[in-house]
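Novice: Build the full structure now, drawing on both the sequences and the hints.
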Amino acid sequence: MLIFPVIILRALKTKKAIILQLLTGNFNMVEYVIYCMGIFFIVLEVIVLIYMLQSIINMGRYVRLVTLILVEPILSPMQRLVKHSVMNTFSLDLSPYILLVILYYLGKVCDYLLSLPAL
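If you read the sequence shown in my numbering, its first letter stands for residue 4, the second for the next number, and so on.
Where hints are given, some of them may not hold.
With a straight-line cut-off of 20 Å between C-alpha atoms, the simulated SDA-like cross-links for lysine to any residue are [unchecked claim]:
| # | residue 1 | residue 2 |
| --- | --- | --- |
| 1 | Lys-86 | Asp-96 |
| 2 | Lys-86 | Ile-105 |
| 3 | Lys-111 | Glu-34 |
| 4 | Lys-111 | Ile-101 |
| 5 | Lys-86 | Leu-109 |
| 6 | Lys-86 | Arg-67 |
| 7 | Lys-111 | Ile-50 |
| 8 | Lys-111 | Tyr-35 |
| 9 | Lys-111 | Asn-61 |
| 10 | Lys-86 | Val-66 |
| 11 | Lys-111 | Tyr-100 |
| 12 | Lys-111 | Ile-45 |
Just the calculated beta-carbon pair ranges, DEER-fashion [claimed, not checked]:
| # | residue 1 | residue 2 | range |
| --- | --- | --- | --- |
| 13 | His-87 | Met-55 | 17 to 27 Å |
| 14 | Ile-60 | Ser-94 | 16 to 26 Å |
| 15 | Tyr-115 | Leu-71 | 30 to 40 Å |
Derived by calculation from the structure, the hints in this document are not laboratory data.
Beta carbons are placed, not taken as given, at the ideal position from N, Cα and C, and that holds for glycine.
Specialist: Okay, structure coming up:
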């Protein structure tokens with residue numbers, strides 16, 4: 004369960020810089036949009052992790068329903084791709100794991116774009 008604090012710390016890493024820019028008036032809309040996209044990817048990572056943990060831990064039907072509603076639009080295209088690929092396994096659905104890797108990569112791209120000197 005150490006992954007949740009790591010995700011939260013990654014989200015807060017650039018928060019101080021964004022808040023300082025907002026307070027001082029040095030506000031760049033592109034940086035703010037990239038920052039919001041990074042937070043969006045982190046939230047999706049947490050939702051996918053909760054979706055994956057539901058197969059191990061029973062969290063109740065409402066939590067299952069909410070996570071299914073949130074994850075299904077992103078997960079169904081991944082499931083179709085995995086179904087018609089070499090990674091098709093009949094006992095294990097690999098699409099949440101692949102989706103988690105993609106979301107992590109997109110979050111890292113946002114972090115890299117924020118670390119550039121000037122956008």
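Novice: Compare the structure with each hint and give your call.
Specialist: Going through the hints against the structure:
{"no.": "1", "hint": "Lys-86 x Asp-96", "in the structure": "holds (9 Å)"}
{"no.": "2", "hint": "Lys-86 x Ile-105", "in the structure": "holds (17 Å)"}
{"no.": "3", "hint": "Lys-111 x Glu-34", "in the structure": "holds (14 Å)"}
{"no.": "4", "hint": "Lys-111 x Ile-101", "in the structure": "holds (15 Å)"}
{"no.": "5", "hint": "Lys-86 x Leu-109", "in the structure": "violated (23 Å)"}
{"no.": "6", "hint": "Lys-86 x Arg-67", "in the structure": "violated (23 Å)"}
{"no.": "7", "hint": "Lys-111 x Ile-50", "in the structure": "holds (18 Å)"}
{"no.": "8", "hint": "Lys-111 x Tyr-35", "in the structure": "holds (16 Å)"}
{"no.": "9", "hint": "Lys-111 x Asn-61", "in the structure": "violated (31 Å)"}
{"no.": "10", "hint": "Lys-86 x Val-66", "in the structure": "violated (26 Å)"}
{"no.": "11", "hint": "Lys-111 x Tyr-100", "in the structure": "holds (17 Å)"}
{"no.": "12", "hint": "Lys-111 x Ile-45", "in the structure": "holds (10 Å)"}
{"no.": "13", "hint": "His-87 x Met-55: 17 to 27 Å", "in the structure": "holds (22 Å)"}
{"no.": "14", "hint": "Ile-60 x Ser-94: 16 to 26 Å", "in the structure": "holds (20 Å)"}
{"no.": "15", "hint": "Tyr-115 x Leu-71: 30 to 40 Å", "in the structure": "holds (32 Å)"}
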